[in-house]
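Starting from the given sequences, assemble the full structure and let the hints guide the process.
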Amino acid sequence: MKMYYAVSEVAEMMNLNYYTVLYWCRDGKLPAVYINKTYRIPIKDFKEFLEEGKIKKKVLV
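The opening residue of the sequence shown carries number -18 in this note's numbering; numbering runs sequentially from there.
Everything labelled a hint here was simulated from the structure, so no lab data went into it. There's no promise every hint is true.
[Claimed, not checked] Once the Cα atoms are required to be at most 30 Å apart in a straight line, the calculated DSS-like pairs of lysine-lysine come out as:
| id | residue 1 | residue 2 |
| --- | --- | --- |
| 1 | Lys25 | Lys10 |
| 2 | Lys28 | Lys(-17) |
| 3 | Lys(-17) | Lys18 |
| 4 | Lys28 | Lys18 |
| 5 | Lys28 | Lys10 |
| 6 | Lys10 | Lys(-17) |
| 7 | Lys(-17) | Lys25 |
A quick note: this is a predicted structure, and the numbers were derived from the prediction, not measured.
Right under this line is the structure:
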């Protein structure tokens, strides 16, 4: 069972630039762990992050 999202996956889901998500991980805005020289975002923490509404998903119209 998958427990983490990659930075690229979160960026794609939120329609954001890869480096924006990477910055959020480094800055602590987005809960993440640093594993094998890369950031991973726990799925549970990412869902809570979205539910709290700290950053809203962009919707293309």
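Take the C-alpha atoms of Lys(-17) and Lys25, compute the straight-line distance between them, and say whether it is at most 30 Å. Measuring from Cα to Cα gives roughly 11 Å; hence the hint holds.
With the threshold set at 30 Å, check whether the alpha-carbon distance from Lys28 to Lys(-17) stays at or below it. holds (14 Å)
For a C-alpha distance cap of 30 Å, please report whether Lys25 and Lys10 respect it. holds (15 Å)
Please verify whether Lys28 and Lys18 have alpha carbons no more than 30 Å apart. holds (23 Å)
Agreement of Lys10 and Lys(-17) with the hint, judged by alpha carbon distance not exceeding 30 Å: Between Lys10 and Lys(-17) the Cα gap is close to 22 Å, so the pair holds against 30 Å.
Is it true that the CA of Lys28 sits at most 30 Å from the CA of Lys10? holds (14 Å)
Pair hint Lys(-17) and Lys18, alpha-carbon separation not exceeding 30 Å: holds (19 Å)
Checked against the numbered hints listed earlier, the structure breaks none of them; every hint is satisfied.
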